[in-house]
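Q: Starting from the structure of chain A, add chain B where the hints point.
Those protein sequence lines, which keep their order, are chains A and B. Each number in our numbering corresponds to the 1-based position in the first sequence with 1 added. Each number in our numbering corresponds to the 1-based position in the second sequence with 15 added.
If you are wondering where the hints come from, they were derived from the structure by calculation, not from laboratory data. This one's a predicted model, so the numbers in the text were calculated from it and none came from an experiment. Watch out, some of these pointers could steer you wrong.
[Stated by the list, open to error] Derived, one-sided and incomplete: chain A residues facing chain B with beta-carbon distance under 10 Å:
no.: 1; residue: Arg44
no.: 2; residue: Gly45
no.: 3; residue: Pro46
no.: 4; residue: Asp85
no.: 5; residue: Gly119
no.: 6; residue: Lys199
no.: 7; residue: Ala224
no.: 8; residue: Thr225
no.: 9; residue: Pro387
no.: 10; residue: Ala391
no.: 11; residue: Lys394
no.: 12; residue: Tyr401
no.: 13; residue: Ser416
no.: 14; residue: Ile421
no.: 15; residue: Ala424
no.: 16; residue: Ser426
C-beta atoms are modelled at their ideal positions from N, C-alpha and C, and glycine is treated no differently.
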Amino acid sequence: MRRKAMVAAMAVTTFFGVAACGGGGGGGSSSGSGDANAGLNSRGPITYVQGKDNSNVVRPAIAKWNKAHPNEKVTFKEQTDQADQQHDDLVQHFQAKDKNYDVVDVDVVWTAEFAAKGWLQPLTGKMAIDTNGLLPATVKTATYNGKLYAAPQASDGGLLYYRKDLVKTPPKTWAELTSACKIAKQKNIGCYAGQFQKYEGLTVNAAEAINTAGGTIVGKDGATPTVDSAAAAKGLGNLVTAYKDGDIPKQAITFQEEQGRIAFEAGKLLFMRNWPYVYNLAKTEGSSKVKNTFGVAPLPGLNGPGASSLGGHNAAVSVYSDHKATAHDFVKYLNGKDFQKFELTQGSLAPVRADLYNDPALQKQFPYLPTLLTSIQNAVPRPVTPFYPAVTKAVQDNAYAAIKGQKTPEQAVKSMSDAIKAASSS
Amino acid sequence: MATAGTVPRTDAPKAPKKRRKGIFNVSEGGGAPILVAPTLALLAIVIGYPVVKAVFMSFQKDPGLDKATGLFVSGGFAGFSNYTHWLFERCAQTTGGTGPCPQGSLGAEFWTSMGNTVMFTVISVAIEVVLGMWFALIMHRKFRGRGLLRAAVLVPWAIPTAVTAKLFFFIFAFSGIANKLLHAQILWTGDAWPARFAVISADVWKTTPFMALLILAGLQVIPDDVYEAAQIDGATKFQQFVQITLPLVKPALMVAVLFRTLDVLRIFDLPYILTGGGGGKGDATNTLSILVIQQIRQGFNSAAALSTITFIFIFLVAFIFVRFLGANVVQTQDEQQKAAR
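One chain only, chain A, in its complex shape (with noise of 0.2 Å):
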């Protein structure tokens, strides 16, 4: 008898470590979506969701808007900083239908899947917005089934961080970095590194190798793959011989941004592909031995720049948002010109409007806002799908087989594609 009873203890004890994971998500169920024409001319207070404001840009912009508008005050309710747990608090409130999350910040690989699930509010008809001035790749990222779903409101493209006293000129084209690299031998430092580890900087390398290729991942409706291409075979094999060969250094396979940043800063890299953050840390950090030896270059590509993978956020309108012309408001506020130059100056973050890249004042202040420019011009943006995470998880882990070898190129595509096609068809 006593030992039944305990087994029932030690069985409850256990469920509650395990299935307290999956139980909470909630029903699985996305047929219940607000309605998207209730409450458009509805206005009064709202609240904006977004990560951690890391770079104190919401508050000062949210405490502005505040004043020119008492009745139609913003709340602003900061997120964690880290994505996951970003994306999963979104989800559960809509799914909650939580007419509290009015204004959403959005990445842009959530877009399309927040999209599908009937979250988010078409930009259509009244909704719209005005899509001149901003740069096209940041509209895609916010573009679904060929409607617009959110405003890009902040956007992000790779660079390439050379050393200008070891190359004179930065490498235009693939072939002429690796060329390059017989410098790096002759330094015994290394010659390329990215992001290889296996997460979603792993995607956005190997989606760059791909795209520059002239490869696509997935087909225009986001669910059909279209990766199993010579072309995206080739872009992908650029990375795999480049690791083999050595040009990549071993150790870049455990290499995340930072962890490359280190090593670009100790000198002990001639080429890397990084984000704009890098730029003032490596000018000014104590430990950086390249201060005024390194230069940004756009990413390498067939002839011309590559094509670089986007990061960056949209703001997007919840259908559960009981206030919605208000909310249509804020999300144009977050998209104009005062906020996003403020976004810049404030927080260094990429903004998505053209002109501010060609603003002399700026490009003082940020001296590789030009390159940036180029960089996101060319970009494509990671696959808009609504299986991302399914994608993401099929290209880095097929991306990291070939680059240690367990695959070829050929073979990772292939495997990418059927692991989309499973994803997408279930």
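A: Okay, now just chain B, sitting in the frame of chain A:
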């Protein structure tokens, strides 16, 4: 029961006869159901409901995309397909029907993750038992500074797992201290066995103190006279350890092993932060719990099936411990001592 305290002492011998039979009369056992009812109700809400809901969800299909509208629609009843998806690693295909899951899909990682989880459990618990026993024996001796040592041993246990994981992440970075000390260039988070070694060593470092303390508690209830008698009989230290210490500490040891086993079978944060589940082909340190979390982002219902499978597996392990290996978490210390003798 406020009146019980005011009853005069002289009445005490007669008390059993006078005691009212009522639902609030705890000492008779009659009121037990009412007293435990709030707890049971709470358990039903916070544990019973999620469990039932998870099992219910595991028989539903995940939402699929309606190609015409581009919107997700709910998937309907799934039968056992979510379970066969994991157990046989079968994935849906565009042509309809199922085929083996391709690399790069979560479905293809079930048995690898299961294997990793079991391997972590066996290896780290085994190492922790040996080290924990050793620590406990040292801490059990009487010497100056024993209190300080006991406190010092506890430090790794007091550090949050996420922080431990990050510490070891830096230790095992390519330019980290592990490679410097070894004068090696090992890709700790890149290759399969180094990555596993990193996870296991971090886990052992962190949880050996827990094991040591539980064993120490067991050691302290062994009466000294048993050892004195053994000494008089001329038993060597080794004989004392094997014939007295081990059998008498076994109940405490089994409980410690049970706790740690269940813990490691659910291991998530350490490998998630340290290696991201990577290494080798990219899944050398993936565990069942990491797989559940990854699947939650791709579909709740399939994740519910996976967590139900994980639950049943962990439950079976716990059952085997309790039923066949004599681990006993509920018995009192007295009973344990009796049982051990």
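Q: Hint by hint, which ones does the structure fall short of?
A: 1, 2 and 3
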